[in-house]
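Given the coordinates of chain A, assemble chains B and C onto it according to the supplied hints.
Protein chains in written order, with full-length UniProt numbering: chain A, 1 to 219; chain B, 1 to 245; chain C, 1 to 264.
Since the hints were derived computationally from the structure, they do not count as laboratory data. Note that the structure is a prediction, hence the values are computed from the model and not measured. Treat each hint with caution, since some may be false.
[Claimed, not checked] Within a straight-line C-alpha distance of at most 20 Å, the following computed EDC-like cross-link-like pairs (lysine to aspartate or glutamate) qualify: (1) A/K217 / B/D100; (2) A/K51 / B/D141; (3) B/K140 / A/D55; (4) A/K158 / C/E109; (5) A/K181 / C/E104; (6) A/K217 / B/E235; (7) A/K181 / C/D217; (8) A/K198 / C/E104; (9) B/K140 / A/E86; (10) A/K48 / B/E105; (11) A/K51 / B/D71; (12) A/K172 / C/D217; (13) C/K63 / A/E159; (14) C/K178 / C/E87; (15) B/K140 / B/E83; (16) A/K217 / B/E184; (17) B/K140 / A/E46; (18) A/K202 / B/E19; (19) A/K158 / C/E101; (20) A/K172 / C/E233; (21) A/K158 / C/E104; (22) A/K181 / C/E215; (23) A/K48 / C/E109; (24) A/K51 / B/E105; (25) A/K48 / B/E143; (26) A/K172 / B/E19; (27) A/K48 / B/D100; (28) B/K92 / A/D55; (29) B/K140 / A/E52; (30) A/K51 / C/D110; (31) C/K107 / A/E159; (32) C/K234 / A/D55; (33) A/K48 / B/D141; (34) B/K98 / A/E188; (35) A/K172 / C/E237; (36) A/K217 / B/E19; (37) A/K217 / B/D71; (38) A/K181 / C/D189.
So you can see what is in the structure, the chains are spelled out below.
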Amino acid sequence: MEVCESSKVSLREFGCEQNLLSRPDGSASFVQGDTSVMAGVYGPAEVKVSKEIYDRATLEVLIQPKVGLPTVRERSQEQCIRETCEASLLLSLHPRSSLTLVLQVLHDDGSLLSCFLNAACMALMDAGLPMSCLFCGVTCAINTDGQIITDPTAAQEKESRALMTFAIDCAKRRVLMSSTKGSFSVHELQQCIAVSQKASEKIFQFYRDSVRRRYSKNL
Amino acid sequence: MQVPELLQRVGQVLLPGDEFRLDQEDNISLTEVSRPSRAVCGPGLRRSGARLLVCKSGVLRHKAPNVFWIDSQQKRYVPAKGETVIGIVTAKAGDIFKVDVGGSEQASLSYLAFEGATKRNRPNVQVGDLVFAQFVVANKDMEPELVCMDSSGRANGMGVFGSGGLLFTVSLGLVRRLLSPLSELRSDLEQLFPCELVVGMNGRLWVRSCSVQQTLIVANLLQSSDSMTAPQRKELFRKVQQGAL
Amino acid sequence: MFHFQKENCRPDGRELSEFRTTTLNIGSISTANGSALVKLGNTTIICGIKAELANPTVEAPGKGYIVPNVDLPPLCSSRFRPGPPGEQAQAASQFIADVIESSELIKAEDLCIERGKLCWVLYCDIMCLDYDGNILDACIIALLAALKNTQLPEVTINKETCAPEVNSEKRRGLTIHKHPVGASFCVFDDSILIVDPTAEEESLSTAQLTVVTDEADRLCSLHKPGGTPLSGEKLQECISRATTRQREIQKLIDKVICSVKTEK
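The following block holds chain A by itself, in its conformation from the complex:
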């Protein structure tokens, strides 16, 4: 576990641990303030004939909420995460195989989708799957005064007028995924993207530090 202090773009304290589960091929837990998600990756493993794709691996994303069964909301989040992962993974290197990413919510205190994305990226990296780039998730909330809050808590999310989550890639800081709620102007959107891009730099640095820590034993 480690800590990332916020300075200019304020993010909550981050924590991440890789390879903490023994059964999955890759696993990670990601903590953003009080929001916490656990991710496990299986694969490349044998694929069901009905889901086999002849020129690339089949990726399946499953979200498990803290209580109850997954609902339509989880389905749509699964779709967002799956397509983001598909864009960054080099799936064509493992044709006719299956990858399964399971995301378990441990605690939701806002910015859940971005926490999912960060946990997914760390778990995929831990599994040693070939990736063309890394990605990270950033959630921005615009409150009633028009201020932008990055990485909001559940209470801040509730008060906000608009909520946006972006997935940013590490190469050119471009937007991989976007999911929004509430109405906002074009100018506000561009501000939020710019803020997210700035925040992403911090998250990528955090990724690098935690992976470095992991490999520190066998440097």
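Frame of chain A, contents of chains B and C only:
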């Protein structure tokens, strides 16, 4: 041209998406006899035009003169040609055995691919047996294929396992550490107990020692040394030696 | 395909930034409170709105609710199988629900009849009859037109029996506060951007993007479920195309509603 930038980063942790530029000289010079050496990409590195891309997280390693690769810790095995693995025979289908090697697909092993095997003289292999075999075909588009003999037709240590012994799995990183020519882990282990150890590149280890107890101790030691630094491991081995003596 | 796109031209003869012909028919289902049928090229979407009386939830006693549901039956394309809704249908339902909530096209308070006792529930069933890509845009148009077409009977609560009395003679329309309209785009290897993709173009694309704007040029949704990354300039291009599209569609809806009224 060689890549000094890449050489500087040897021994450091790299992440997917990290990029290096290769200054390529594709025109063959007529005056120079030796061609300028190009960086050779091992696992975890990809070449894309004039760029060298990292696609796995891990430590960058270098081998003279110009081989580079990423040393990553992963658990799932991906078959590679020429690697020796421990497989479990899961089915007999006509002329071939299906072998589980821990990859995404079962590998096939012909009954003729054993030392001295002929159509008349079939090897005695049952479902559930362990085999130590080598990949002759392993690529992403084809079914992987194993053989239990080397290119000269000799068994060379490969074949079906005898009875006894214990099979267990460790991370692929530990296997590579065990197999490296100057492995400290292996020499430490050799000093501890006399034992038979078979190392499959797919993360499976097979141990047999003079007693069941000693076999279990060796298996547990290896599994726990997966997540230990060298001094920690030495300390543990010392304790075990004192206790065992 | 790529050859076509370099020439700023698509297999069906459209330019890259050209929508297919959009046709709209409202009030096509007489048994529903409101309905609309939208054709976007071959893509056909029908939306029916059924209003029912219900008790408001305890958390929001002064609000009614809207329940959208998108159905992609096996009839509309061979890619859908019978059985429970697939991922795409569920994601589309969630998207429509988000658009309704974000755009505030109907205020939930308007659906309340008596605080804490009685309110309207609008079941918006959106069904695809022919799947040829870009269902999200078509769904939003169908939903908006159907809601504009919706007529609710007057309901009063009998003071003595406390039972609701429905007066079917007196009907009134819903107040539509905003007019959100979507524009979908397909990205090919982060260089080429096309608008209103067909099913074939969707399956070949590397990323999809839907921008929903209202008449005040505010964005209600920027939905991009992954795929190849997109630069800021391209995004701006999409948004400005979406705003012009909003004008076109709002004009179309108004025109159709006018023509229906004059017929009567």
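* **Violations among the numbered hints** => 1, 8, 11, 12, 14, 23, 28, 30, 32, 34, 36, 38
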